[in-house]
Amino acid sequence: MRPLALLLLASLALPAAAQQPATSRPRRVFVSVDMEGIGGIGTSAMTSAAGKDYATGRRLMTDEVNAVVAAVLRAGPAQVLVNDSHGDMQNLLHAELDPRVQYVQGSVKPLGMVEGLEAGYDAAIFVGYHARAGTANGFLAHTGTGSVKGLWLNDVEVGEGELNALYAGSLGVPVVLASGDSAFVAQFTASAGALRATAPATVATKVAVTPQSARLTHPAAVRDSLTAAVARALAAPARPFAFGGAAGASQAPVRVRLRLADVTTPQILEAIPGVKRVDGYTVAFTAPTMADAYRMIRLMYKFVVV
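With mature numbering (1 follows the signal peptide of the UniProt record, and there is no 0) applied, the sequence shown corresponds to residues -18 to -1, 1 to 288, in that order.
Check before you lean on any hint, since a few could be wrong.
Derived lysine-lysine pairs resembling DSSO-like cross-links, with alpha carbons at most 30 Å apart [stated by the list, open to error]: (1) Lys284 / Lys131; (2) Lys131 / Lys258; (3) Lys131 / Lys34; (4) Lys284 / Lys258; (5) Lys91 / Lys258; (6) Lys34 / Lys258; (7) Lys91 / Lys284; (8) Lys131 / Lys91; (9) Lys91 / Lys34.
With beta-carbon atoms standing in for the labels, derived distance ranges [what the hints assert, rightly or not]: (10) Ala253 / Trp134: 16 to 24 Å; (11) Asp137 / Glu252: 17 to 25 Å; (12) Asn119 / Ala202: 20 to 28 Å.
Rather than coming from a laboratory, the hints here were simulated on the basis of the structure. Being a predicted model, the structure only gives us computed values, none of them experimental. Think of the CB as a built atom: it goes at the ideal place given N, C-alpha and C, for glycine as much as any other residue.
Please model the entire structure based on the sequences and the hints provided.
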């Protein structure tokens, strides 16, 4: 009995990520990758298909995702799903992604940046994110589209990061790592505390100077930082984002307010059943679940006219 007891004590001393018996299922990890917060990207010309440096941006984005994926797979057996989450959502050089991953491409998908994420995933990782609309020093900051001036869920202002994290939280999935410019990292870390989540590991890929400029860290150094952060993130216990109480049931219903840059779009959106105009620029609705709220927000973005 004594050798067995010693073996049990030794196993309890191991970090959580190392305790993966051979018979356990692979860890399931969801990676949502945006572009503005990728290391080495310092102008909008690198994030738009019409930009002169877009090809370089795609390469940097692909290399950064591969660094994250490699680190996840080094931490133990894993099934990794990568969702291209920028613009038309066909930016990654998908034939050059790590062949061990699956990849979601294309923008016509009900859940956009979180398409494919479902209950049963062990962790979500957000790569290359940016701050929300109205952030004074956020590099290329916006929320979904430049025509959105603010988005609130249950009276909490959110950006893309918080919106996606709350959706993940409604499924019981924690965000364990998030990367992007310095304004995003500060904002997302603060939001985690306000939304009852364990603060995720973060990597600041650049220092936001103005909405159109940034002080860059070399992409290779960013990838090294992400590699180290993945190992820490997967080893640490994590609590998902939630409005209050436990994740899941506590997130329903969801009250949504969306403020736009023009007065025409709210008039159009008011034609959707359940949507009301609050003022000239703002509409509101209540959704029974986070999934319903997310889908409605995605639908509304399709009607933006400026």
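Outcome of the hint check:
1. Lys284 / Lys131: Judged against 30 Å, a Cα distance of about 15 Å means the pair holds.
2. Lys131 / Lys258: It holds: about 17 Å lies between the C-alpha atoms, which stays within 30 Å.
3. Lys131 / Lys34: The given pair, whose Cα atoms are some 28 Å apart, holds under the 30 Å limit.
4. Lys284 / Lys258: holds (17 Å)
5. Lys91 / Lys258: holds (25 Å)
6. Lys34 / Lys258: violated (42 Å)
7. Lys91 / Lys284: The given pair, whose Cα atoms are some 12 Å apart, holds under the 30 Å limit.
8. Lys131 / Lys91: Holds: Lys131 and Lys91 sit about 23 Å apart, inside 30 Å.
9. Lys91 / Lys34: holds (28 Å)
10. Ala253 / Trp134: 16 to 24 Å: Taking Cβ atoms as reference, Ala253 and Trp134 lie about 21 Å apart, which means the hint holds.
11. Asp137 / Glu252: 17 to 25 Å: For Asp137 and Glu252 the Cβ distance comes to about 21 Å; the hint holds.
12. Asn119 / Ala202: 20 to 28 Å: holds (25 Å)
Hint compliance for this structure: hint 6 alone is broken.
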